[in-house]
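J.: These are the residues of each chain, in order.
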Amino acid sequence: MKTQTDSRSGEAALVPTAVARTGHVRNPGMALDVAMFEGHHVNRAATERRTATLAGRRSVKKDHQAAWLVNAVRCVDLTTLSGDDTADRVKRLCAKARRPLAPHIEAGLGIAPGALHVGAVCVYPTMVPHAVKALEGSTIPVASVATGFPAGLMPLPLRLEEIRWAVAQGAGEIDIVINRELALTGNWQALYDEIAAMRAACGAAHMKAILATGELETLGTVYAASMVAMQAGADFIKTSTGKESVNATLPVSLVMVRALRDYGAITGQPIGFKPAGGMKQAKEALAWQILMKEELGRDWLNPDLFRFGASSMLGDIERQLEHHVTGRYAASSRHALA
Amino acid sequence: MSIQTILETMEYGVAPEDDSQARAWLATHEEGFGHYINGEWTKPAALFETRDPAGDAVLARISQGTPACVDAAVSAARKAQPAWAGLSGHQRARHLYALARHIQQHARLLAVLETLDCGKPIRESRDIDIPLVARHFYHHAGWAEILEDELPGHTPHGVCGQIIPWNFPLLMLAWKVAPALAAGNTVVLKPAEYTPLTALAFAEIATECGIPKGVINIVTGDGETGAAMVAHKGIDKLAFTGSTQVGRNLRERTAGSGKALTLELGGKSPFIVFEDADLDAAVEGVVDAIWFNQGQVCCAGSRILVAEAVAARFEALLRARMTTLRTGQPMDKNTDVGAIVHPVQLERIRDLVAQGTAEGATLHQASAPQGCYFPPTLVTDVAPASILSTEEIFGPVVTLTTFRTPSDAVALANNTRYGLAASLWSENVNTCLDIAAQVKAGIIWINCTNILDAGAGFGGYRESGFGREGGREGMRAYLRNPAAISASAKAKGSTPVPLATGPAQTIAAGDIDRTAKLYIGGKQARPDSGYSYQVKGAKAVVGLAGLGNRKDIRNAVEAACKTTGWGKATGHNRAQVLYYIGENLSARAGEFADRLERLGASQKTAKAEVDTAISRCFWYAAQADKFDGAVHSTKSAFVTLAMNEPLGVMGLVAPSAQPLLGALSLVLPAIAMGNSVVLVPSQAHPLAATDLYQVFDTSDLPGGVVNIVTGPRDDLAKTLAAHDGVDAMWYFGDQAGREMVEIQSAGNLKQTWTEADDARDWAGRDGQGRLFLERATQVKNIWVPYGA
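Chains as they are written, first to last, in the numbering used here: chain A, 1 to 338; chain B, 339 to 1126.
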């Protein structure tokens, strides 16, 4: 299966046409099928061992490292989800999203000015209008969290209405949170029904389902919840809100990518993956990309199938890339804030 | 390459480890390496080349050790040993601690040298081999420190000769050298001729650490150098890791020498995937099992047995996983599978695989570059008799077959001459522990594989060798148990007089005649030969005993093999039987004393022998549920269980004197630990032992647990020692017999314990003890990872 470039990005100069893609194929979902996850076993020790050794098995250096970091930038959902978000704060974030690297770094890497931008900007619903405005003229989608983010414990009609509102404001992607209670109690039908309703409310907007894996805790539950979310029509599955005490981890990510691999093997439908929360360093960007490539293949290194939910990680990537370009270690004070 | 181009493919590129420092070190030895003897380097002589298998280039020139070199090294070790053993444990601990620290300080040099010399990926030498080397020295620095407290009375063997293989060159050195030094031995070590470099660098590190001269000696060379070590009379203990073929040869050549011996040999370890396993985890386990170190691993899981219910899915996942394996330059950090150690080994792998395909096996192979590489290979369509299922390939080749039920899996798993390791994959703890108990292997990895730590014992069952390395059981292999009789003891052992099979003078008139028979499978049996032989008392013939022959031994072993329930019975149940034997023996004490008197004992000694036999029943009954295992402290999130398991079927050849006590002194510990035995009682006085079968019959001892075959001691011992169904031999007799038993036992590499039968006071404390229990058991280490 070859992927192709996101048609909205127009970044032909960056991602060659050989792997160009005409657009993400939406996940139509399917009927709930518990046989696809019940009786599926996940061994934690083995899962942790796989992710722990992966970092030692693969290494990208020099030009390859720079390219992999540039690729990570393409896949970042540049995020602000704070109680003190304001229109201007969002505007500043959007400016960084349009031009994530300083011009001299772009030049040093051979990237045409402005050709590189992040995967999306991710905000709270009320910030969507500000983001849409700030990104006008770009191809960068606005992603909005919804459904009573982060806990998701609002009445369902309100959660669905929140989705519709955000979509109406121009959000192209909706990051929903699942109802953890339904997952923890194994009430898969109810979970499926809720997510399917959310998917319907999203309309044309792509839906990412946040599992809040830190609160599901066991890997078996993570696998099951991943499967239910995909069966209910999630285009992406996402680890965390960033608000749980444990957010994206490699072992949890491994279980989720294996779930989406298994779903794809049965349905033929590629599903995207988004780790979110807690990733701050450039080397983490490499670790997750290596996981994607090893477990799923090169296609899952494109932003239509892979996103990082992060904000401060971009700054570290920029510093590493500056070092690559100049040979000198960089200071963050010399780079534009997100 | 431009960023744009890389973004297109998202290839990893190359990430080579810089080997310039290691090559600079090699350049300082351009004239060749000598041997490291008595803390000094000999002048390089009779040089041969060691090559980098990946680049096929000469790395260094190495001296071929001659018998004279070995002799010089052994002399140096001998001279240094008393002072080394005379150091306090704390002082030896300081030395070992220094070695551990300096290994860490030179970690990258050692890792790069290792990869250059043997072709394993730098990831492995850097992340696995060298850290384990340091861990081993730390762990054994600790043993040196606490040895006197933990193993009181134990003494070092003296000079240890150690021969190690090329697959984990420095790690195997550490496994051998660290416990030997901790125990107070000095060593002469021979690294493999393909991979001597890290051992030589280690010698320099030993100098840097100020290890006293002569404590560590390293002699390089090929098999001939090894043979000189094996033959050397000045070596007290030999430890060998390598092929079963060489191990067998070594067993034969050391037979009768009195050298302590531990062998860590080959394997054909099963990798069992149950239907409730995490299949992705198991697939990754296969990668760790057989594509670790190019499959050149003695404990490699090389036979995948997968539940039929999930076999198709498992195979699909495994074949998909194979496509992302990267075989190539060992020095590239992105390499999963490196070079085969030597073209000779590559040829051997190719040859075996060709034979397998000729038999109809189907190969599924990942890619591999030209050169000394072999592609990761999955073999399907193999039968249990296929050469690829039975032979240790020592390459990246794994077979896949299916099973139906757990018992089917166990039967297939145990259908091998070897017994080194097994890997079990199931999320059901009941299944895991049940199968772990049933698989005959020294190391069981549950939901993991190839996990190693200095704190756990490593070593095999069956033809995978004997002795353990690591943990408390590994320390014991480098120490002489205080109850062990020194090989240099003056006792010569008894040689029985020829048997008389014709009719004797009048034996007894008036009494109802008693016929002593053989005792096989819980039944009295007439000897196959149809002959009897005269049993002489102090003055005259006192009775006849059956003249057992090889067919009786065959029948007895068959009966012993069938008693599988005894080893699984609880210690408490076995204790009950042993107490009951004591009780019934006590009830017939007068009769037994009378028998001993007729055989020539005084009234007093006869009574004492019976009394001691009764108390010995109690002592081993008491131990039956107390000689238990341990939980080793190893890695985080692991429970590592060290379980004492019975050896299986034991051949016991009893001392000539004290015919009742001598026989029971062997039988009781053996059966207390769950073994079944074939006893060859005192040839001269077997009737004290044959009287026992009536005691056994009335003591609830299941038939076949104890079998008694009377007759010509050494003929019967020879048949037993050569029997592939016998797992261990205890022989108490003369020097010629000891040598014979050790030679014959090489066939299936059964464990042996041979001693002069008059070396030990069977009536005293030496006649019983933990040593007997240790000799009657083998340690199985079971690794259980956890995580909710």
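Be a bit skeptical, because a hint or two may be false.
Claimed, not checked - DSSO-like mimics (lysine-lysine), calculated; alpha carbons at most 30 Å apart, straight line:
no.	chain 1	residue 1	chain 2	residue 2
1	B	K778	B	K906
2	B	K906	B	K671
3	B	K671	B	K874
4	A	K293	A	K283
5	A	K283	B	K942
6	B	K889	B	K874
7	B	K889	A	K280
8	A	K283	B	K671
9	B	K830	B	K874
10	B	K877	B	K828
11	A	K61	B	K551
12	B	K671	B	K828
13	A	K91	A	K62
14	A	K62	B	K973
15	B	K778	B	K942
16	B	K964	B	K877
17	A	K293	B	K964
18	B	K830	B	K877
What the hints assert, rightly or not - A short, non-exhaustive set of chain A residues, derived as facing chain B with CB atoms under 7 Å:
no.	residue
19	H64
20	R99
21	A200
22	P270
23	L301
It is worth saying that the hints were derived from the structure and are not from the lab.
Note that the structure is a prediction, hence the values are computed from the model and not measured.
Glycine residues also receive a C-beta, built at the ideal position from the N, C-alpha and C atoms.
J.: Hint by hint, say whether it matches the structure.
T.: Each hint, compared with the structure:
| no. | hint | result |
| --- | --- | --- |
| 1 | K778(B) <-> K906(B) | 13 Å, holds |
| 2 | K906(B) <-> K671(B) | 48 Å, violated |
| 3 | K671(B) <-> K874(B) | 76 Å, violated |
| 4 | K293(A) <-> K283(A) | 15 Å, holds |
| 5 | K283(A) <-> K942(B) | 83 Å, violated |
| 6 | K889(B) <-> K874(B) | 25 Å, holds |
| 7 | K889(B) <-> K280(A) | 76 Å, violated |
| 8 | K283(A) <-> K671(B) | 16 Å, holds |
| 9 | K830(B) <-> K874(B) | 22 Å, holds |
| 10 | K877(B) <-> K828(B) | 29 Å, holds |
| 11 | K61(A) <-> K551(B) | 45 Å, violated |
| 12 | K671(B) <-> K828(B) | 59 Å, violated |
| 13 | K91(A) <-> K62(A) | 34 Å, violated |
| 14 | K62(A) <-> K973(B) | 35 Å, violated |
| 15 | K778(B) <-> K942(B) | 46 Å, violated |
| 16 | K964(B) <-> K877(B) | 44 Å, violated |
| 17 | K293(A) <-> K964(B) | 53 Å, violated |
| 18 | K830(B) <-> K877(B) | 25 Å, holds |
| 19 | H64 | 4 Å, holds |
| 20 | R99 | 17 Å, violated |
| 21 | A200 | 33 Å, violated |
| 22 | P270 | 16 Å, violated |
| 23 | L301 | 5 Å, holds |
In this structure, the earlier hints numbered 2, 3, 5, 7, 11, 12, 13, 14, 15, 16, 17, 20, 21, 22 are contradicted, and the remaining ones agree with it.
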